[in-house]
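Chemist: Chain residues, written in single-letter form:
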Amino acid sequence: MVTITGAALTDYNRRKDGSSFRDWVHDAFQDALKMSTLDRSDIDLLVVSSESDFFTLQLNPSAVLASDLGLVGTATIRAEGGGASGQIAVHAAVNAIRAGQARHVAVVGYDPSASNLSSEKIKELYGFSFDAWTDGMTGASSTVLYALSAQQFMAEHSLTDRHLAAVTIANRKNAFANLKAHLGLLHTEQEIDASPMIANPYRRLHCSPLSDGAAALIISESSAVPSYRATAPWIKGIGGASDHVRLGARQIKGQFSAKTIAMARACSDADLTPKDIGLVELYDAYAGAHLQGLAALGLSENIAKDIAENTFGANGRIPVNLSGGLMGQGAPAGAIGVGQTAGCALFLEGRHWSTLQPQSPPPYALADTHGGLCTTAAITILARRDAP
Amino acid sequence: MINHNISLEYELNSGWLNPWVEALHQGSALAWQCSACDSASFAPERTCRCGQNSGRWHPLSGIAVLESRTDGADGSFALVRFIGSDTSVVVALEGIDLGQTHGQLMPYKFSDGGVPRMVIGPLEGVS
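Chains as they are written, first to last, in our numbering: chain A, 1 to 388; chain B, 1 to 127.
Bound-form chain B, shown alone (with noise of 0.2 Å):
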C-alpha cells in the first residue's frame, strides 16, 4: 500500500466570464447577449446557436423561474431559466419549498472547501 494525501489550493482565473463571476459575487445576474441575434444566455454561451461568438454583458433581473427539480441526499437542485435569458441552468435551491415556481439569485455561497456555489431562495418578500 502507497498512501499519498495531496491538498491542491487551485486559484482557477475566469478568463472572459470575470464579469459572470464577479456579478454572481455580489448575488447579481448577467447574461451574454449576442450582438447579432439578441438571443441572452445564463449560463454565457461563448458561441451562439447562430454563430456568432461576440456579444455583450447584459444585467438580469436575478429572479428565477423553476421548470424541473429534483430532491433527495445529493440536496435540491432545479433546472431554471432567469427572467430575460433565453437558456436554462442548473442551480442549487435554498430554502425553495416544493411548488414554488420562482426563486431569487443569492450571492455566492461556498462549499466546505471553498467552491463557489450557485444558489437561489426565496422571493424577496415572500414567505
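Next up, chain A with everything else stripped away, as it sits in the complex (with noise of 0.2 Å):
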C-alpha cells in the first residue's frame, strides 16, 4: 500500500516578486517534508515533473533540485508527458514503491508557465505539444485543436456555449474561495460572451491562464509512514492511457478515449467503480475539455442534466475543482498533476483551505491529468485512511 505522508503547493499565478522556479520547488518541497514529519535523509528517490525545458533553460533539472534540496545522493529520475507530467511522477514514485524499490519518494512538479517567456512564445512552444510535423506545422494553436474536438463532443451532447459558461463561472468562483488560486473572480455570463473569440466556441475566458508555481508530494510506503500521520490517506490506484497524437487519426474527435481508458484501468487497480468517486480534481484546460473529461471519466451519462442539477457544484453530489482547477487555480504545467493529488490528499484528510475544505469529505477522491489533447492520460484515485 502507499501513502501520501506530505502535501503541498505553492501559489499558482505570474510571479512578479522575482522569485525563480527553484524558489518555488524548495518552498513546496519543504512544506511537504515538514507535512510528513520524515527527514530528507529518509527520501530514497527523487522525482520531478517539468513539461519542458524551453520554459526554465535548464537541461537536467533533477539534479540541479536535487541538490537544492538537500537530496544529494538520492536517486533521480525526470517525468514527462505534456500536461500530465505531474501525475505520470506521481504514478512513476508508485510503481518505485510498489516494486520495493523506494520507501519514501519526493515528487515535485513546476513551470514558470507565465513569467519567464512571454506568452506568445509560450503559445508557440505548446503548439509544439500536438504532433510537432503535422498539426504542429498547420499553425494550430492548443487552443484550435481543443476547440475541434470541442465542437464535436457538443454537438453529440447538445451541448452549447451557456454549458461552457456554466463551467466557467463554477471554477473561477470556486477559485475565489481560493487564497492561491491566480484567477478567483465571480463571471457573468455577460462578460464571458464579451471576451474575444480565439478559436469558436472558445473565447478568452474560455481558457485556463499560463501560470507559474509549484506543488510537492511526499509518497511513502504504508508501513514506513511516520506515527504522527496516521491520518494520511492512501493511493488506492492509478491507471494511465494514451490516444492518437493527431486529432485527424481519431474515430471518434470529440471523445477523450485514454482517459475512459486510464480510468478503467485506475478502477481496475483500486477494486471501485466511478460511483464510488466523491470528489474530483480534474484536468480543465478549456471549459469543453471540462466537459469532456466528465464524460470520459463516466462521472456523467447526461452532462446537460448534471450541470442543471448542479451535480458537480461544491455543495453537488460529486464536487469537481473545488481549488478552481486549471481554469481558476490556474496551470503551471510541471506542477499540475502533483497539485491535483496533493489537493485531493488534504481534501480528504481534512487539512485544506477552510474556504475549500468540505465538512464531510468522501471517502475516495480522483485526480485527472491529461497531456495534449488528451493523447497522454494520468488518473490517480486516492482513499480517505479510514474508507472501507
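Hints are computed from structural coordinates only; laboratory data are not their basis. Each hint should be verified, as a subset may be incorrect.
[Unchecked claim] Within a straight-line C-alpha distance of at most 20 Å, the following computed DMTMM-like cross-link-like pairs (lysine to aspartate or glutamate) qualify: (1) A:123 - B:74; (2) A:123 - A:80; (3) A:275 - A:301; (4) A:121 - B:112; (5) A:173 - A:191; (6) B:109 - B:97; (7) B:109 - B:11; (8) A:121 - B:74; (9) A:305 - A:156; (10) A:180 - A:27; (11) A:173 - A:11; (12) B:109 - A:124; (13) A:123 - B:97; (14) A:173 - A:309; (15) B:109 - B:71; (16) A:180 - A:349; (17) A:123 - B:71; (18) B:109 - B:22; (19) B:109 - B:94; (20) A:123 - B:9; (21) A:34 - A:44; (22) B:109 - B:38; (23) A:121 - B:9; (24) A:121 - A:53.
Note that the coordinates shown come from a computational prediction; the quantities given were computed from them, not determined experimentally.
Combine both chains into one complex, guided by the hints.
Modeler: Right, here's the structure in full:
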C-alpha cells in the first residue's frame, strides 16, 4: 500500500517578486517534508516533473533540484508527458514503492509558464505539444485543436455555449475561495460572451491561464509511515493510457478515449467504480475539456442535466475542482498533476483551506490529468485513511 | 534577473515522411496506403490500425472536404478529409469562406519563422 504523507502547493499565479522556479520547488518541498514528519535523509528517490526545458532553460533539472533540496546522493528521475507530466511523476513514485525500490519518494512538479517567456512564445511552444510535424506545422494552436474536438463533443451531447459559461463561472467561483489561486473571479455570462473569440467555441475566458508555481508530495510505503501521520490518505489506484496524437486519426474526435481507458485501469487497480468517487480534481484546460472529461471519466451520463442540477458544484453530489481547477487555480504545466493529487490528499484528510474544505470529505477522490489533446492520460484514485 | 536570448535554427530531417513533405512543398498530397488492408492515411500513419507497418505512397487529388472549422484570433483552421484518404487532418484555411465545403491543397506556406504550414485554399476555378 502507498500513502501520501506530505502534500503542499505554492501560489499559482504570475510571479512578479523576482523569485524563480527553484525557489518555488524549494518552498513546496519544505512544506511537504514538514507535513510528513520525515527527514530529507529518509527520501530514497526524487521524481521531478516539468513539461519543457524551453520554459526554464535548464536541462537535467533533477540534479539541480536534488542539490537545492539537500538530496544529493538520492536517486533522481524526471517524468514528462505534456500536461500530464505531474501525474505521471506520481505514478512513477507509486510504482517505485510497489516494486520495493523505495520506501519514501519526493515528487516535485513545477513550471514557470507565465514569467520566463512571453505568452506568445509559450503559445508557440505549446503548439509543438501535438504532432509537431503535422498539426504543429499548420500553425494550429492548442486552443484551435481543443476547439475542433469540443465542437464535435458538444454537437453529440447537445451542449451549447451556455454550458461552457456554466463551468467557467463555477471553476472561477471556486478559485475565488482558494487563497493560492491565479484567477479567482466572479464572472457573469455577459462578461464571458464579451471576451474575444480565440477559436470558436472558445472565448478567452473559456481558457485556463499560463501560471507559475510548484507542488510537492512525499509518498511513502504504508508500513513506513511515521506514527504522527496516522490519518494520511492512501493512493488506492493508478491508471494511464494514450490516444492517437493527431486529432484527425481518431475515430471519435470529440471523445477523450485515453481518459476512459485510464479511468478503467485506475478503477480496476483500486477495486472501485466511478460511482464510488466523491470528489474530483479534473483537467480543465478549457471549458469544453471540462465537459469532455466528465463524460470520459464515466461521472455523467447526461452532461446537460447534471450541469443544470449542479451535480458537480461545491455542494453537489460530486464536487469537481473545488480548487478552481486549471481555469481558476491556474496551470503551471509540470506542477498540475502533482498539485491535483496534493489537493485531493488535503481534502480527504480535512487539511485544505477552510474556505475550500468540505465538512465531510468523501471516502474517495480522483485526480485527473492529461497531456496534449488528451493524448496522454494519467489518473490517480485516493482514499481516506478510514475508507472501506 | 538573468537575460538570455537564444535563436535556434533547426534543420529537421523528415525521415520516412520525406516523400510526403516533399510533395507538400509542391502542393501535392501523398497518402500512406497500408499494404495489408489498403487503408489510406493523410497525414500518414506509419503503423496502420490493422497493425501493419508496411505500405506505399499513394497520390491524392489534393481536394479536401471540410468536416468542421474554427475561426477566431488564432486564425482559421479545419478538420478536413482529403478525397481518397480514410483519416482526417487539421489544416489552416486561406480564402475559404464560411459555408464552403471543399478546398484545395496549396504549396507549403511558410510562417514568419520559416515554419511550413499546411494550408488549403479555394478549389481552382471556383471563386
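Chemist: Run the distance test for residue 109 of chain B versus residue 71 of chain B: straight-line Cα separation, threshold 20 Å.
Modeler: holds (19 Å)
Chemist: For the pair supplied as a hint, residue 121 of chain A and residue 74 of chain B, confirm whether the alpha-carbon distance does not exceed 20 Å.
Modeler: At roughly 14 Å apart (the allowed maximum being 20 Å), residue 74 of chain B and residue 121 of chain A satisfy the hint.
Chemist: Are residue 109 of chain B and residue 38 of chain B close enough, with their CA atoms no more than 20 Å apart?
Modeler: violated (30 Å)
Chemist: Run the distance test for residue 123 of chain A versus residue 71 of chain B: straight-line Cα separation, threshold 20 Å.
Modeler: holds (17 Å)
Chemist: Given the hint that residue 173 of chain A pairs with residue 11 of chain A, test it: the Cα-Cα distance must not exceed 20 Å.
Modeler: holds (17 Å)
Chemist: Hey, residue 123 of chain A versus residue 80 of chain A, does the alpha-carbon distance stay inside 20 Å?
Modeler: Roughly 18 Å between the alpha carbons, so the hint for residue 123 of chain A and residue 80 of chain A holds.
Chemist: Measure nothing beyond the straight line between the CA atoms of residue 121 of chain A and residue 112 of chain B; if it is 20 Å or shorter, mark the hint as holding.
Modeler: Since the Cα atoms of residue 121 of chain A and residue 112 of chain B sit roughly 13 Å apart, the hinted pair holds (cutoff 20 Å).
Chemist: Could you grab the alpha-carbon distance between residue 123 of chain A and residue 74 of chain B and see if it respects the 20 Å cut-off?
Modeler: The given pair, whose Cα atoms are some 10 Å apart, holds under the 20 Å limit.
Chemist: Are the Cα positions of residue 173 of chain A and residue 309 of chain A separated by 20 Å at most?
Modeler: holds (17 Å)
Chemist: Quickly compare the C-alpha distance for residue 109 of chain B and residue 22 of chain B to 20 Å and report which way the hint goes.
Modeler: With Cα atoms ~13 Å apart, residue 109 of chain B and residue 22 of chain B stay inside 20 Å; holds.
Chemist: Given the proposed pairing of residue 121 of chain A with residue 53 of chain A, does the C-alpha separation stay at or below 20 Å?
Modeler: holds (13 Å)
Chemist: Check whether the Cα positions of residue 275 of chain A and residue 301 of chain A lie no farther apart than 20 Å.
Modeler: holds (12 Å)
Of the numbered hints stated above, those contradicted by the structure are hints 13 and 22, listed in ascending order.
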